[in-house]
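All chains, please: the whole structure from these sequences, using the hints.
2 protein chains.
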Amino acid sequence: MADPRPVALDAFGGDKAPEAIIEGAALARDQGVPVLLVGDAEKLKGRVPKGVEVVHAPGIVGMDEPASAPLRKKTDASIRRIFELVNEGVAQAAVTCGHSGAAMASALHVLGPLPGIDRAPLATVVPRRDGGQLVLLDLGANVDCKPMHFAQFAVLGESYARAILGIEHPRVGLLANGEERGKGNTQVRAAFPEIEALGLAFVGNVEPLGALRGECDVLVCDGFVGNVMLKTVEGTVEVVGAILREELRRRYDGLLGRWLMQGAFRRFRQRTTYDSVGGAILLGVNGVAVVGHGRADARAVASAVRYARNCASAGLVATVRARAQERLDTGESEAAAIVGAPFRGRPNG
Amino acid sequence: MADPRPVALDAFGGDKAPEAIIEGAALARDQGVPVLLVGDAEKLKGRVPKGVEVVHAPGIVGMDEPASAPLRKKTDASIRRIFELVNEGVAQAAVTCGHSGAAMASALHVLGPLPGIDRAPLATVVPRRDGGQLVLLDLGANVDCKPMHFAQFAVLGESYARAILGIEHPRVGLLANGEERGKGNTQVRAAFPEIEALGLAFVGNVEPLGALRGECDVLVCDGFVGNVMLKTVEGTVEVVGAILREELRRRYDGLLGRWLMQGAFRRFRQRTTYDSVGGAILLGVNGVAVVGHGRADARAVASAVRYARNCASAGLVATVRARAQERLDTGESEAAAIVGAPFRGRPNG
Chain L
1 MADPRPVALD AFGGDKAPEA IIEGAALARD QGVPVLLVGD AEKLKGRVPK
51 GVEVVHAPGI VGMDEPASAP LRKKTDASIR RIFELVNEGV AQAAVTCGHS
101 GAAMASALHV LGPLPGIDRA PLATVVPRRD GGQLVLLDLG ANVDCKPMHF
151 AQFAVLGESY ARAILGIEHP RVGLLANGEE RGKGNTQVRA AFPEIEALGL
201 AFVGNVEPLG ALRGECDVLV CDGFVGNVML KTVEGTVEVV GAILREELRR
251 RYDGLLGRWL MQGAFRRFRQ RTTYDSVGGA ILLGVNGVAV VGHGRADARA
301 VASAVRYARN CASAGLVATV RARAQERLDT GESEAAAIVG APFRGRPNG
Chain U
1 MADPRPVALD AFGGDKAPEA IIEGAALARD QGVPVLLVGD AEKLKGRVPK
51 GVEVVHAPGI VGMDEPASAP LRKKTDASIR RIFELVNEGV AQAAVTCGHS
101 GAAMASALHV LGPLPGIDRA PLATVVPRRD GGQLVLLDLG ANVDCKPMHF
151 AQFAVLGESY ARAILGIEHP RVGLLANGEE RGKGNTQVRA AFPEIEALGL
201 AFVGNVEPLG ALRGECDVLV CDGFVGNVML KTVEGTVEVV GAILREELRR
251 RYDGLLGRWL MQGAFRRFRQ RTTYDSVGGA ILLGVNGVAV VGHGRADARA
301 VASAVRYARN CASAGLVATV RARAQERLDT GESEAAAIVG APFRGRPNG
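Chains as they are written, first to last, in the working numbering: chain L, 1 to 349; chain U, 1 to 349.
Because the hints were derived from the structure by calculation, they are not lab data.
One or more of the hints may lead you astray.
If chains are identical, the list can't say which one is meant, so a pair holds when it fits in one copy or spans any two.
[Claimed, not checked] In the SDA-like style, the derived pairs of lysine to any residue whose C-alpha atoms are separated by at most 25 Å in a straight line are: (1) K183 with G62; (2) K45 with L27; (3) K50 with E19; (4) K16 with R213; (5) K146 with G182; (6) K183 with P147; (7) K16 with K43; (8) K50 with D40; (9) K16 with A67; (10) K183 with E42; (11) K183 with D144; (12) K146 with R189; (13) K16 with E180; (14) K16 with A26; (15) K146 with K183; (16) K183 with G101; (17) K146 with G178; (18) K146 with R181; (19) K50 with V90; (20) K183 with D64; (21) K16 with E215; (22) K183 with P66; (23) K146 with T186; (24) K45 with P58.
This is the structure in structure tokens:
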């Protein structure tokens, strides 16, 4: 039976908040996903769609504030409250399109890390040339990583591919500038044996071109490099689209080419950017936490909400937890020591 | 007056060597660029196009050999001999599609670094959405970089943009995962003030999406990250092309869409991969050194030869040398100390 609990949605995160968020909540509701709008009830008054409940949380974390703001000065922030609702069992998952650093810090602090996890990476799915899907992580949450963090990302990404993409033995690759063992920078060379020792279906170093062609299902890298790769995919799609449109305009005098391309472009954009899932998922925390695009519109917000619900329904957190306990060293984690939030026994997803 | 000297071309570098190289030499000759084919004369016998001369250099460096092979065991390698021909004043530029590490080591050893330069980066040009061109460097020659290396790359890339793209005041960006100062990993944060101190038109941190939209003319990064970015561009073009073709096939039952797309695809591929220039250029050495695609076909080889000739004609090396002397600390360089090849006074380009 489907979990009847709502998805907690941060009403004050994102470039187009709260308008696009409110509209997105209505869309999600229409699509059969119950939503809790979390934010300043005073500001939301008179604008809340019918059938959508509001949870009051007046604090708003601006994009220029430190990631730690909701942990210290703004403990009443909506970006923190959504995770508390998951932790309290009120919501089945949390979604924000706000400050991704603040989202990560709040999720880690409130939900706590899963056993064996020190860093919570952001992951998304990129379409491959062979029609398959590539899980890419980390996307920016952790820019400087130690070898053990790469290993943790490998376990998290692999579990995601099993739970959400239904791949039985996901092939895990380490992002590098060449396929031979020994390629990569200092961090990558040090991470290689750590991932190898996990006993996953590790295919070794994989280049971006190879990964996008289908040589692996999960691609592991640090947050700096992953962010560069994801944003390069997005940028290239834009450049290619602009060049194609220009070429077609030049050759076919506009109308015909444009008419032909319109639908195709819309569809490939849906597949080639992470708009299709509405955002990235924060893995390694004890609950489902989705971080949407900052520039998400109502459709993307609804999509992120559906995505969060689907991850919860698929038992993502339970799958990840089991795999982490099986493959990682589950002593007192660095993250738990830092945020003062030891692993909680009660599963949230 | 055009330099009448030939371009030295490594006949035994690349996946399709020597056939594609020989054919490429003939193409370049037809296009008015004189070529010297460098390699084992015995193996080339009876296959050399009319009007193309051969310089005997029997050693071949395989892709599995160390980059230092032409410096130690194989000093007679064709990948080394091409740079000697430039250094001797016989050739105006050198081109290889072989082992890029061996090409870099040979060029640095034989031609020597320019004053103030410790690391020779590979650079290429990527088309931007606004119709402009983005100089991207380093592309893989140097995976672990110190702050001063980033600064050297900035000066080299800026000089390239002035000499080859004709931009008077190229805007230089530092590749990062966010635009705010303080973003980036440890290396990037340390490189920022070093680049800032050069007095170039430095626009600070730039994200891949911003760079591809036109926020800067030169994008500086270490060789690991640059390689990931370049290969992600190539991979994304493939994925987008595959998805578009599939969508068009599905919607228009093949023929019409395919016919319309064919020319446009060919043209955007020419603009969106570095096939258009036939390869990357090694900057910071005392001569023009072009490293072509390993998988270059005859057309790409000819394109790399033309590109090398154009860089020499434009006085690239002289422009770079002047800028390096003006902006960098030109004491005894690390590279000169390592390869035992002090800066030579005689300009090669």
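Evaluation of the provided hints:
Proximity of K183 and G62 under a CA criterion of 25 Å is satisfied inter-copy only: 17 Å between copies versus 40 Å inside one chain copy. Taking the closest pair of Cα atoms, K45 and L27 come within 25 Å of each other only inside a single copy of the chain (19 Å); across copies the shortest separation is 72 Å, beyond that limit. Only within a single protomer do K50 and E19 lie at most 25 Å apart by alpha-carbon distance; the minimum there is 15 Å, versus 71 Å between protomers. With identical chains, the CA atoms of K16 and R213 are at most 25 Å apart between copies only, with a shortest distance of 22 Å across copies and 35 Å within one.
Proximity of K146 and G182 under a CA criterion of 25 Å is satisfied in both settings, with 17 Å inside one chain copy and 20 Å between copies. For the identical chains of this complex, K183 and P147 are neighbours both inside a copy (15 Å) and across copies (22 Å), given an alpha-carbon limit of 25 Å. In this assembly of identical chains, K16 and K43 lie within 25 Å of each other by CA distance solely inside one copy; the values are 15 Å within and 66 Å between copies. Taking the shortest alpha-carbon separations for K50 and D40, only the intra-copy value of 17 Å comes in at or below 25 Å, while the best inter-copy value is 80 Å.
For the identical chains of this complex, K16 and A67 are intra-copy neighbours only, at 20 Å inside a copy versus 52 Å across copies, given an alpha-carbon limit of 25 Å. Taking the shortest alpha-carbon separations for K183 and E42, neither the intra-copy value of 56 Å nor the inter-copy value of 35 Å comes in at or below 25 Å. In this homomeric assembly, K183 and D144 come within 25 Å of each other (Cα to Cα) both inside a single copy, at 19 Å, and across copies, at 12 Å. Proximity of K146 to R189 under the C-alpha cut-off of 25 Å is found in both arrangements, the shortest distances being 11 Å within a copy and 18 Å between copies.
When the C-alpha separation of K16 and E180 is checked against a cutoff of 25 Å, the pair qualifies only between copies, where the shortest distance is 21 Å, while the shortest distance within a copy is 45 Å. Taking CA atoms no more than 25 Å apart as the test, K16 paired with A26 passes inside one copy only; the shortest distance there is 15 Å, against 58 Å between copies. Within a single copy, K146 and K183 get their C-alpha atoms as close as 17 Å, and across copies as close as 19 Å, so both meet the 25 Å cut-off. For a Cα distance limit of 25 Å, the shortest separation of K183 from G101 across copies, 12 Å, qualifies, whereas the shortest one inside one copy, 31 Å, does not.
When the C-alpha separation of K146 and G178 is checked against a cutoff of 25 Å, the pair qualifies both within a copy, at 20 Å, and between copies, at 21 Å. In this assembly of identical chains, the alpha carbons of K146 and R181 lie at most 25 Å apart whether taken from the same copy (18 Å) or from different copies (24 Å). Only within a single protomer do K50 and V90 lie at most 25 Å apart by alpha-carbon distance; the minimum there is 20 Å, versus 81 Å between protomers. Only between protomers do K183 and D64 lie at most 25 Å apart by alpha-carbon distance; the minimum there is 12 Å, versus 37 Å within a single protomer.
For the homomeric pair K16 and E215, the shortest alpha-carbon distance between copies (23 Å) is at most 25 Å, but the shortest distance inside one copy (38 Å) is not. For the identical chains of this complex, K183 and P66 are inter-copy neighbours only, at 12 Å across copies versus 36 Å inside a copy, given an alpha-carbon limit of 25 Å. Taking identical chains as interchangeable, the C-alpha atoms of K146 and T186 lie at most 25 Å apart whether they share a chain (10 Å) or sit on different chains (13 Å). Taking the shortest Cα distances, K45 and P58 sit within 25 Å of each other inside one copy (13 Å), while across copies they are farther apart (82 Å).
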